[in-house]
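Engineer: As a plain string of letters, each chain reads:
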Amino acid sequence: MIAPDWFREDRLPHIYCTGCGNGTVLNCTLAAVEEMGWERSETAFISGIGCSSRAPGYILADSLHTTHGRALAFATGVKMAKPDLNVVVFTGDGDLAAIGGNHFIHACRRNVDMTVVCMNNQIYGMTGGQGSPTTPLGAISTTTPYGASEPAFDLAELAVAAGANYVARWTSYHVKELTRAVTTGMQTPGLAFIEVRTQCPTNYGRHNKLRSVPAMIEHLRSHAMLVEKRDRLAREGRPIPEGTFTVGELVRRNRPAMGVKQ
Amino acid sequence: MKLVIDESRCKGCNLCVLVCPYGIFREGTELNSRGVVSPVLDRPERCTNCRLQALYGRMLCGVCHMICPDQAIAWVEERPFEPHRVEVEF
Numbered sequence: 001m002i003a004p005d006w007f008r009e010d011r012l013p014h015i016y017c018t019g020c021g022n023g024t025v026l027n028c029t030l031a032a033v034e035e036m037g038w039e040r041s042e043t044a045f046i047s048g049i050g051c052s053s054r055a056p057g058y059i060l061a062d063s064l065h066t067t068h069g070r071a072l073a074f075a076t077g078v079k080m081a082k083p084d085l086n087v088v089v090f091t092g093d094g095d096l097a098a099i100g101g102n103h104f105i106h107a108c109r110r111n112v113d114m115t116v117v118c119m120n121n122q123i124y125g126m127t128g129g130q131g132s133p134t135t136p137l138g139a140i141s142t143t144t145p146y147g148a149s150e151p152a153f154d155l156a157e158l159a160v161a162a163g164a165n166y167v168a169r170w171t172s173y174h175v176k177e178l179t180r181a182v183t184t185g186m187q188t189p190g191l192a193f194i195e196v197r198t199q200c201p202t203n204y205g206r207h208n209k210l211r212s213v214p215a216m217i218e219h220l221r222s223h224a225m226l227v228e229k230r231d232r233l234a235r236e237g238r239p240i241p242e243g244t245f246t247v248g249e250l251v252r253r254n255r256p257a258m259g260v261k262q
Numbered sequence: 001m002k003l004v005i006d007e008s009r010c011k012g013c014n015l016c017v018l019v020c021p022y023g024i025f026r027e028g029t030e031l032n033s034r035g036v037v038s039p040v041l042d043r044p045e046r047c048t049n050c051r052l053q054a055l056y057g058r059m060l061c062g063v064c065h066m067i068c069p070d071q072a073i074a075w076v077e078e079r080p081f082e083p084h085r086v087e088v089e090f
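Protein sequences appear in the order of chains A and B. The opening position of the first sequence corresponds to residue 1 in our numbering, with each subsequent residue numbered one higher. The opening position of the second sequence corresponds to residue 1 in our numbering, with each subsequent residue numbered one higher.
Rather than coming from a laboratory, the hints here were simulated on the basis of the structure. Remember, predicted model here, so these are calculated numbers, not experimental data. Check before you lean on any hint, since a few could be wrong.
To be verified - Taking beta-carbon pairs under 8 angstroms as the criterion, some of the chain B residues facing chain A (in silico):
#	residue
1	K11
2	S33
3	H65
4	M66
5	I67
Unchecked claim - The calculated SDA-like cross-link candidates involving lysine to any residue, where the alpha carbons are at most 25 angstroms apart (straight line), are:
#	chain 1	residue 1	chain 2	residue 2
6	A	K209	B	V37
7	A	K209	B	V36
8	A	K176	B	E82
9	A	K176	B	P83
10	A	K176	B	R46
11	A	K176	B	R51
12	A	K209	B	V17
13	A	K176	B	G35
14	B	K2	A	E34
15	A	K176	B	P44
16	A	K176	B	L55
17	A	K176	B	P80
18	A	K176	B	M59
19	A	K82	A	M258
20	A	K176	B	H84
21	A	K176	A	R232
22	A	K176	B	W75
Cβ atoms here follow ideal geometry from the backbone N, Cα and C, with glycine treated the same way.
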């Protein structure tokens with residue numbers, strides 16, 4: 001166990017399916033929290049609704065399990081009422097991009113000082129595998145049985161455009177890099193957005209010829225491309241392979257932030 | 001230090017089999033009491049963290065520990081004079 005002081009051991013094993021990446025993201029976030037040396041009484045974990053949003057229930061600290069999509073709105077309220085708290089938001093793609101899309105862009109615009117960890121499994125996992133705004137083009141889900149026909153949201157680029165101070169994207173395979181990214185996000189004043197592509201073997205992989213957990217992880221690993229490599233390919237005028245997504249630190253800047261600890 | 005898999009937490013996803021650079025975790029074949037096929041350890045004394053964690057005073061590789069979604073992998077202190085299976089590789 002990665003951070004034994006921060007886990008509610010009596011709640012384990014958690015409800016996530018076999019091979020779900022959310023447990024890995026929880027490990028990495030708690031490792032980052034431990035590295036930051038935060039006090040338990042000064043930290044609040046906030047989440048909305050979904051598989052990913054069950055995560056604060058396994059953490060031994062104050063947490064808010066709020067309404068669907070409104071995690072960022074509640075987190076903004078917490079931060080405004082008590083700017084001394086360290087606020088970490090766990091959210092999923094259905095929570096953040098679909099129903100909470102407006103809260104997301106406005107939290108990025110206001111640059112509220114918190115860390116948002118988005119576990120993007122590209123599907124509504126908890127409710128039975130309906131297509132979400134991040135389901136890639138052509139993917140089979142229960143609401144898109146002939147393949148998704150709508151282009152997907154790129155959440156990290158959306159956060160960059162909306163004005164977050166730190167934006168990074170990793171996958172649940174890149175555990176060390178993810179921990180480093182979350183730590184950097186926690187150190188940066190202003191909104192830090194870390195998108196984590198996770199595997200959902202039960203509701204995404206099963207319908208998309210990635211039934212086993214190693215197959216899904218291999219798919220994530222082989223389709224991840226470092227930002228530096230993408231930039232190099234673009235500079236040299238070489239084609240960027242189809243279906244890849246960029247990983248790495250997308251932006252780190254110093255825009256005026258709101259609710260920073262004095 | 002000794003590498004152990006907590007059978008009461010492991011759900012048998014075999015992610016540790018995928019990431020271990022030494023190939024210590026092997027896919028299991030037998031169901032345990034919870035009906036889960038959890039991985040088996042192949043010569044766990046080869047793990048760098050088992051041997052050198054105390055010397056360096058920090059976690060060395062620890063990728064399996066980090067990626068395990070069920071928090072089932074841990075290193076525990078060995079009891080004194082615990083029997084080891086020593087295997088000589090030629």
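Engineer: Against which earlier hints does the structure fall short, listed by number upward?
Structural biologist: Of the numbered hints, 2, 8, 9, 13, 17 and 20 do not hold.
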